[in-house]
Structures are given as C-alpha cells and as structure tokens.
Amino acid sequence: MDTNLLFIFILAVIVGFEIISKVPSMLHTPLMSGTNAIHGIILFGGILTLADAASPVALTLGFVAVVFGAANVFGGFMVTDRMLQMFKKRK
Amino acid sequence: MGTVWSLVIIGVAVLLMLGIKLLGSPKTARWGNRLAAIGMLVGLLALPDAGGDPVWQRDWNLNYLLIVSGIIVGLALGALGAYSVKMTAMPQMVALFNGLGGGAAALVGGLEFARAAAVPPSSAAAMLFATLIGALAFTGSVVAYLKLNGKLERPRLFRGQHIVNALLFIATLALGGWLTLHATGGGATALLLLLAALALLFGVALVLPIGGADMPVVISLLNSFTGLAVAADGLVIGNLAMLVAGTLVGSSGTLLTLLMCKAMNRPVGNVLFGAFGSGGSGPVAAGALAGKSVKSIQADEAALLLSYARQVVIVPGYGLAVAQAQHQVCELAEELGQRGVEVCFAIHPVAGRMPGHMNVLLAEANIPYDQLHEMEAVNPVMERVDVCLVIGANDVVNPAAREEPASPIYGMPIIEADRAKAVIVLKRSMAAGFAGIDNHLFYKDNTRMLFGDAKASLTALVSQVKAS
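So the protein sequences, as listed, match chains A and B. Read in order, the letters of the first sequence correspond to residues 1 to 91 in the numbering used here. Read in order, the letters of the second sequence correspond to residues 1001 to 1468 in the numbering used here.
Read the hints as simulated data drawn from the structure, not as lab findings. Misleading hints may appear alongside valid ones.
Claimed, not checked - One-sided excerpt, in silico: chain A residues whose CB lies under 8 Å from chain B:
id, residue
1, PRO24
2, PRO30
3, LEU31
4, GLY34
5, ILE38
6, ILE47
7, ALA51
8, LEU59
9, PHE68
10, GLY69
11, GLY75
12, GLY76
13, MET86
14, LYS88
15, LYS89
Stated by the list, open to error - If you want the footprint, here are the derived chain B segments under chain A, 3+ residues with CB under 8 Å:
id, stretch
16, 1011-1020
17, 1026-1038
18, 1049-1063
19, 1081-1091
20, 1109-1122
21, 1242-1249
22, 1362-1372
The beta-carbon is built from N, C-alpha and C at its ideal position, and this holds for glycine as well.
All chains should be built: construct the whole structure from the sequences, respecting the hints.
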C-alpha cells in the first residue's frame, strides 16, 4: 500500500483526537450529529460506484447506496443546524 | 487526477477540520456545521471519476439519471427526517442517519469487491473491511433506533449469548481473512454475500443485549465505525477526501465514546459486554432505607421557599422532557429571576438520553446557554445554594454514587444536590430511575417531594410564585 496514504491516515487520526479533546459535554449531542453528517461523504463513493455500474444488480444496489448516502449527508447537516440554531446567549 | 481536484481536496479537508473544531464551542458551533456542509458541497460539485474527469461533465445515461434521482430522493428523505423529528427523539435520528451511512459504506465496499477482477490483498482487505464494518453499523444502528423508540425496551440476553457472539465474530473474521487472500472468481461473490450476512447478524447480536441507558455510547461507537468504513472505501476508490473525512469521524468518534463512558463512570467493555443492573444490590439499599419515609410538600409551600431564596439551582432530567415541561421551567426561572432570585441550571453530562441532549432540549425552550452550568462548576458552591430544585432527574443526583460502595452506580460523578440547604424534588411517583435503584436523596431530612406530573407541578409553582 502507498505509504503516502498511510501518512495521511495517521495524521487524520491525530487531528481527529486533538480537535475533540476539549469539547464541553453540553455540545456532545450536536457534535455526534455533526460528525455523523460528515461520514455522509460516503455519498461520493456511492456516486462513483453507480457511475461505473453495469449489471442490473449493481445499478440497484448502487442506487440504494446513493439514496442512503444522500439522506445521511443532507439530513445530518440539516438536523445539526436545527439543533444549533437554538443555542442562544442571554439577551 | 488533475491538480484542480488535489487543491479542492485540500480545501475540503481544511473546511471539515475547521468545522469540527468550531463545533466544539457554543458560540461558533453553528458556523462549524455550516463550514463542514460547504466543504462537502464543494467536494461533491468537483468530484472526479476514476479517470480523473469531473463526474458532472460526462454524457447523460442511465447511470447518471440514477445518480441524480438517488440524490434527490435521499435529500428529500433526509430533509423530511431532519425537520420533522422532535428534539426529544434526537438520539434515534442520529442512530438512523448513522445506520444509513453504514449501509451505504457496506454497499460501496461490496460492489467494488464484486466488480474487481483480480484484487491485491491490500485492496481486498479494505473493501471487505468496509463491507463488514458498514453492515455491522447498519443493523446495529437500526436496533439502537428501535430500542430508543421503545420498541425493544428490555435488554435481551439468552443463555450463552456471549459465546454465540464470540463464535459469530470469529467466523466473520475467518471468512474475511480467507476472502482477502483468495479474492478471485465468481465463488468469491457468494462468499462475500455470506460475509455481509454474518456482519449484519453480528450487528444485531452485539446491540440487542445492551440496555437503553447505554445506547448513546453504542451510537457514538457505531458512528466512529461508520467513519472507519467510509475511510476504507476512500482507500479503495482512491478518493482522498473520503479517506480524510472518514478517518476524522473514526478517531473523533472513538474519543467521544471514551469521554461519554468516563462521564458515566463505566468502562467501555462493561457497556458492550455486561448487561446493566444484574448485580444484586437492591436488598442492601432497601435495608439502609428501612423505616425511613419521604416528606412531601405542596406547591404553595414550595413556591414560598423558592421566591424567598437567594440562590436556586435547577437540576433537570429526562423526566422533564418526557413531561414536555421545558417551557414551564423556563417561565419559572424567569419569574424567579424577576424577583431577584439568582437562578441557574446544573446539567449532568449524561442528563437526557445522550450527553448534551438536555442542553438541546433547554435551548429549544429559549433558555440561554450561559445559564446552563456543568456539574463541575456547580458542585463546589452547592453549600451556598438555598434551594435545589430537581425535576425529573434521579440517578444523576443519587448520593449512593458517593456513599454506597455496593451500589451499581458507585463512583459515578453526580450533582451533589443533597448538600444544598433545601432540596425540592418534582417526581411523578416513587418509581426507581433508569438504573433501577433506590435514591437516598429522597429520604434526607432537607428533602421535600412534590409529587405529580412535572408540567402540572411547574405550572402551579409559576402561578404561586406570581401570587406571593
């Protein structure tokens, strides 16, 4: 396997740990919901798989993957935004 | 692969990292989420295909029709879920979205494996990993969703379940390992289906025995699993944005899971492999409480105590949300504030159905977030508090966590309501909390119980405070 990819992977692991380490527990629910939306990037994978699908089975399953991925990414960001718009400071 | 896409990837990765970072502070959280969403959109519009050309510039054929319609259908379903869900049902929604992502990751990994003619073991391993973990996250999340919706409330454990789970795990691993090394021909596809089926089954078997109180930890863990599956898919497809985003979610999700376990004072292995409340601590607690009785109080008297207090701390629990009384508690806090009483809310890290869930629910009722204090900030000054008002919370204020080494919650950090000068507990009945254990707080000399539905009690309190 390409060592560059391994390098990127390890860096991303460290960054992921670092940016979360000091988050107050009051934001854990939006944070979980927000990172949940980010793994909706699987939509990219679904699109690329479906783009080259040939058999009816592959087309069907690829279509399901795109629907799932799109629901994950769009729904995830929307629901997180809905939660966060309610966090207000004292007037 | 064009330089344009390489630059786009760097931008997308930076936006995602900044987004997660900004999500960590209440002032910037909304912008963090938006930045991440913008990054995702940019990546989507610039997405290149396997040949390096932008996906959206190809000729239109059946595949592209399916892609576009799939995105529209997913967008509609996601928006419908996101805007119709009640805030109290947020943990379920997160579980459901996570399950969808896991399912998509499994499908992508599986389809790539089935299509590839000859795969080097390293790629095969990544494809199979995505299939296995994605499928597990899919069924696991669906079971978690059903449990939180109350459709599968009780932990289900049959004799020897741990052994069955272990066998399933070993079988799945063995099959995955064998497929990695012998990934050729039509026979491999059949075995791939078997692997996916085993992983789906394992997801169910893993989550089914876990109790509802531990579900948030499970969802967080499955969230990080999905992230890792997505990262593996990114390796397979050669899409660096997917690799970076998936890995970020995988590592931050793992840390978040550990933080939650720490807040509940339970090791993660304990959550996954030990059903809660199986210890026989009930009789001990009952013995200690024998002969003691609780003292009840009426709304008018409680209102007097509150209106003439200098400092009041409100401890909300999930019972408050169940009674849909967030707006009443906000009204009470405002009314007391106008009378010069210093009011703040003390939020336990695991109040609600998920860490931070209570903050979302109170924010929905327009309570400003700087009035919400964390447990660590309130406990040191609890002695100076005149009245601690506990609403629908139970285990998180149970002094047994400090005093009873035999108690299943012993060692869990709690809000030390019992150290306030007076405690008023709003509670429907004397039923035990989620952990199913007695609460010594209710029997203390300075505690008064205000029985009834939280919403009705709070409404009565508000009108009595106004009248006094």
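> Taking 8 Å as the limit, does the beta-carbon of A:GLY34 come near enough to a beta-carbon in chain B?
Replying inline: Holds. Min distance 5 Å.
> Are at least 3 residues of the stretch 1362-1372 of chain B within less than 8 Å of chain A when you compare beta carbons?
Replying inline: holds (count 8)
> Counting residues of the stretch 1242-1249 of chain B with a beta carbon closer than 8 Å to any beta carbon of chain A, are there 3 or more?
Replying inline: Satisfied; 8 residues make the cut.
> Against chain B, with CB atoms and a cut of 8 Å, does the hint on A:LEU31 hold up?
Replying inline: 5 Å, holds
>> Does the closest beta carbon of chain B sit nearer than 8 Å to the beta carbon of A:LEU59?
In response: Because about 6 Å separates A:LEU59 from the closest Cβ in chain B, which is inside the 8 Å limit, the hint holds.
>> The hint names A:PRO24 as touching chain B; please verify it with the least Cβ-Cβ distance against 8 Å.
In response: 7 Å, holds
>> Tell me whether the statement that chain A covers the stretch 1081-1091 of chain B is true, taking a Cβ distance below 8 Å and needing three residues at minimum.
In response: Contact hint for the stretch 1081-1091 of chain B vs chain A: holds, 7 residues under 8 Å.
> Should the interface hint for A:GLY69 be scored as holding, given a Cβ-Cβ cut-off of 8 Å against chain B?
Replying inline: Holds - the Cβ of A:GLY69 comes within 8 Å of chain B, reaching about 4 Å at its closest.
> Taking the least C-beta to C-beta distance, is A:GLY76 closer than 8 Å to chain B?
Replying inline: 5 Å, holds
> Under the criterion of a CB-CB separation shorter than 8 Å, is A:MET86 in contact with chain B as hinted?
Replying inline: Given a least distance of 4 Å, the restraint on A:MET86 holds.
> Would the hint on A:LYS88 stand, with a C-beta cut-off of 8 Å toward chain B?
Replying inline: Because about 6 Å separates A:LYS88 from the closest Cβ in chain B, which is inside the 8 Å limit, the hint holds.
> In terms of beta carbon proximity below 8 Å, does the stretch 1049-1063 of chain B have 3 or more residues touching chain A?
Replying inline: holds (count 6)
Checked against the numbered hints above, the structure violates none of them.
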